[in-house]
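Asks: Take these sequences, add in the hints, and give me the full structure.
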Amino acid sequence: MAASPQLLINESAMGRNRLIRRLGKLGLWLNPVFAYFFLWAPILILVLFSFNESKSVASFTGFTLKWYNNILNNVMGAERAFSTEIMLNAFRNSLFVGAIATVIATALGAMIALAMARGKFPGKGLIDGLLFLPVVIPEITQAISLAIFFKVAFDWIAVISGERVFPGFHTIIMAHVTFNISYVAIVVRARLADMDPQLEEAANDLGANPWQTFWRITFPLILPGVISGALLAFTLSLDDFVITFFTSGVGTSTLPVFVYGLLKLTVTPEVNAISTIMMVLSTLLIGISLALQGRNASRA
Amino acid sequence: MSTYDVELIDIVKDFESGGGRVRAVDKVSVQIADGEFFALLGPSGCGKTTTLRLIAGFEQPTAGKVLIRGIAMEGIPAYHRPVNTVFQDYALFPHLTVEQNIMFGLQMEGLDKKAARKRADEALELVRLPGVGGRKPHQLSGGQQQRVALARALVKQPAVLLLDEPLGALDLKLRVNMQYELKALQRDVGITFIYVTHDQEEAITMADRIAVMNEGELLQVGTPRDIYEHPGTRFVADFIGETNFIAGTLLERRSDGFGAVRLADGTMIKAQLSEALKTSSGAVTVAIRPERIGIIQGDDSIAPEDASMTALDALLMDSQYIGTDTRYTVRIGDQIDLVVRAQNIDDRESAAFAIGQSVKVYWSVSSTTVLDP
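Note that the protein sequences, when read in sequence, are chains A and C. Numbering-wise, this note's numbering comes out as the position in the first sequence, counting from 1, plus 4. Numbering-wise, this note's numbering comes out as the position in the second sequence, counting from 1, plus 4.
Just so you know, these hints were derived from the structure itself, not from any lab. Do not rely on the hints blindly, as some may be mistaken.
To be verified - Between beta-carbon pairs, the in silico distance windows are:
no.	chain 1	residue 1	chain 2	residue 2	range
1	C	Ala-173	A	Val-107	36 to 44 angstroms
2	C	Ala-173	A	Ile-13	39 to 47 angstroms
3	A	Leu-227	C	Asp-230	51 to 59 angstroms
4	A	Trp-219	C	Thr-227	40 to 48 angstroms
5	C	Gly-114	A	Ile-292	37 to 45 angstroms
Where a beta carbon is used, it is the ideal one built from N, C-alpha and C, also for glycine.
Replies: Structure (C-alpha cells):
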C-alpha cells in the first residue's frame, strides 16, 4: 500500500484565523452602528427636544406635547413671528405646489421613461445620460439657474408683450417639475426594466393593438413604479427649500421657507415640533414609495 | 386559395448590429400544410426564432414574403394575424389571473365576459388544468404555467400555433411527458403547429416534418426519418443524432446512387450517395451512424458476404458501458476511428469485447451516406 500523505493541521494558525474572523464580525457590526449614530443623532436630538418641557436645549426637563399644541392653537411661542395661521397657510402652499408639480412631473417623467425603454431614436444615449443630471448637480446651482432663467424669460415677455410677470406659484411649480421629472423617470424606468418586454408582444399576439396593450398590460404593470415616483416627487417637493427660496414670489412661502424664516430669529421648540412633523410625513411617503418599488414586477 | 397554411417565399431578415448588418434569416422558403406539426430545428442563433417571429408579425422581413392561408402578411400587424404564439418563458400577464390571461385574447375579439369565461374554462380543461382559473401565474409551477400559455393561445382557435421552445424551461421528465401530450393535443385540435426547438430528439419525436436551419439558412426539410436516415449535409448529419464521419475520396459516381470511395488508409468501400451531393469526384465525407455498425469477433465471418455489405477488420480501442448499449471505439487501418453502438443483449460482462482485441465491423452499404466534405 502506498503511504498516504500526512494531513497537516496547523493548530496555532487556525486559532489565529478564528480570532481574526471574530474581530471581523465585530467590526462589521460596529461599522453601521457608528455610521448610523452620526446619521441619526442630530435628528434624534431634534425629535427629543420637540417634546422637551424646557424651552432651552441645555437640558431635558420632562416630556410635553405643548409645543405641538402651540403650533396648532396659535399660541404665541417664544417669538412673535409665529402664527398658526401663517404656518397653516405655508403648509397649504406646500401641498398646492407639491400636488400640481407632482402630477405634471409624474406624467412627463413616466413618458420619458417609456420613450427611453421602448423607443429608438437618435441621441437616446445622450438624453439617457442627461436624465441623471438634475439628480447630481448641486441644488444651489439649479436654484440660481432657474432664478436667472425666469428673470430672463420675464424680461423677454415684458419686452414683447409689455406686461411684467412676477414670480409666484407658477415659477415654484415649474421649478419643482424641473427637478422632479428626473426622479420620476428613474423610478419608472427601473420598473420598466423589470418588466418582460415579451408581455407586450404576447398582448399584441393575442389581438391587442398598441393602445389596448398599453392600458391593459404595460400601464397596470408599471403603475406601482408610477405611484412610487409620484410619492417621491411629492415628498421632494414638500421638503424642498433652496430651489423654492430662489423662485418664490411674495406671499408664496412654502412650509420649509416659513420654517427658515422662524429660524432667522431663534430656534424655538415650535420649530422642533414642526420639523418633527415634516420628517414623519416625509418618512411615511418615502416608505410607501420604497415599498411599492420593492414589489416584484412578476408578481404584481 | 393556397393549399398551404403558411408559406415563406425567399425570406431574408437583416438586423442592424453595431453599425454592421447581420443576416439572421437567409432566403428561406418553405411550405407548411394545414394540420401539420412542423419543427424548425437548429442550434441557437440559427435564425429559427427569427423565422417564427416573422410569421407572428413581431418582425418584418427585409425581403421575401410571408403568406398565411394564401394571404400576404406584408403590413399586417401581429394583432391582426390569424396566428398565436406560445412563448419560451410563457409571457403570462403577471397582474392577471389565469382565467383573465386566457380571456384576454377573446375580449380583444369583442367577446363578452360571460362567453369568454366559458371558453377559458373549456381551454383549461383541454390542457388538463381545470380549477386554477382564479390563481395568479406565479402561484403555478413551470409545467402548469406552460399549459396556461398553451390554453391562452389555443383558445383563440388560430390557423397556426407558433411555439418557441415551449418545453425549454421544463425539467427532463416533464419535458418528455409534455412532448407526448403536445403531440396528442395537436392531433385533437388539428391546428397547424410550428414548433421551434434546438433539441433534435424533441423534433424527431413530435414533428411530421422537420426543417433544419443553420446560420440563417434552411439546410433540409423532410420527415424525421428522411432527415435522420438521409442527411443532405454534414451539418445535418452531425446535428441530428451521433454520426461517424470518415474522410475519403470519391472515385466513381454510379448511376444506381452508389459510389466507390477510397478511405484515407487506402481501404475501398461502396457507399450510398446523398441526393444533395455536389461533388462528382474528389474529397468527400462518408457518414455512418454508430448503431448501424455491427461488431463481431475478429475471426468470425458475416453472412451474407456480398456487395450489399461492407466488412472490415479493426482493433478495439475503447469500450464504454452505458446501460442499454455499449459504446465501442474501433480503429480501422491505423488512423480511422469509428464509434460503434451495440445493444447489450447479453447481461454478462464476459459477453462484451475486450479492449485491445481484434474485431470485425460490418454494415449495410445503404447505411452509409456520402456527403460533401
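Asks: When the structure is checked against the list of hints, which entries are broken? Sort them ascending.
Replies: none
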